[in-house]
Amino acid sequence: TDEQREYAITSVLRSRRFSPHPPDGYATAALSSVRKRRKDMGLLAAQLLTLVADFELFVLRVTTAWLSYDADHLSAKSRTLTFKELQAFESIDEIREPMIHGYLEELMRKSASAWFEEFSKMFGGAKIHGAADFGTLEVFQRRHIFVHHGGIVSRQYLEALKNFKMTVSLGDELSVDLDYVERAATS
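If you read the sequence shown in the working numbering, its first letter stands for residue 83, the second for the next number, and so on.
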C-alpha cells in the first residue's frame, strides 16, 4: 500500500546507515517533497513505453529499407569524409550505408512531428495519417514524460502539444490506464 511504501522509505532514509543527516535534515525534507499521490508507473506505463519503442523500431526499419532502395531523399544531405575514410570503402554502396545510418540517427532523435514531416517529404508529399492528430502526438510526449520526468507534465510536453486544447498544466501528474494504452495502440 502507499502507507507501507511511505513507512519503508521513511525508515530507510532515517536509518543512520543510509544517511548521516538527522531526522529533521535533508533526507526528511526530500521525503516530504515526494508526492503522496504518486503512483507506480506499473505494467500499463511499461506497455506504453514498449508500444512507442516498437513503433520507433518499425519506423527505423521501414525508413532504412526505403533509403536503401531509394536514397534520393539524401541527395541534399552532406557529410565530409577524409581521404583515409574514403580509402576504407571499396564501393559507393559501402559509403551509402553510413550516410543512411547517420541520417536516421539524427532523425530518430527528433520528435514524432518531425519524423512525420520528414516522411511526408521522403515519400513525395504523401499525407501521413496521424501526423497532426493529438492522440498520436500525445502518446510520444506522454512516453517522454514517463521516461524523463516521472509522469509529471513538463514544459516540453506543453510546448510540443501547444497547437491543441490542453486540459493539463505544468506539474500535473499524468497516468496510464488500460483505456489509454488501447487508444495509444490504435493511434
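No wet-lab data here; the hints were simulated from the structure. Since the structure is predicted, the reported quantities are computational estimates derived from the model, not experimental observations. Even for Gly, the Cβ is constructed at its ideal location relative to N, Cα and C. Incorrect hints may have been included.
If you anchor each label on the Cβ, the simulated ranges turn out as follows [said to hold, decoys possible]:
#	residue 1	residue 2	range
1	G212	L168	14 to 22 Å
2	G212	E255	40 to 48 Å
3	S251	Y89	29 to 37 Å
4	K166	A128	40 to 48 Å
5	K209	A147	19 to 27 Å
6	E188	G232	38 to 46 Å
7	L260	L240	24 to 32 Å
8	D259	R178	22 to 30 Å
So, going through the hints one by one against the coordinates:
{"no.": "1", "hint": "G212 <-> L168: 14 to 22 Å", "verdict": "violated, 41 Å"}
{"no.": "2", "hint": "G212 <-> E255: 40 to 48 Å", "verdict": "violated, 26 Å"}
{"no.": "3", "hint": "S251 <-> Y89: 29 to 37 Å", "verdict": "holds, 31 Å"}
{"no.": "4", "hint": "K166 <-> A128: 40 to 48 Å", "verdict": "holds, 45 Å"}
{"no.": "5", "hint": "K209 <-> A147: 19 to 27 Å", "verdict": "holds, 21 Å"}
{"no.": "6", "hint": "E188 <-> G232: 38 to 46 Å", "verdict": "violated, 28 Å"}
{"no.": "7", "hint": "L260 <-> L240: 24 to 32 Å", "verdict": "holds, 26 Å"}
{"no.": "8", "hint": "D259 <-> R178: 22 to 30 Å", "verdict": "violated, 45 Å"}
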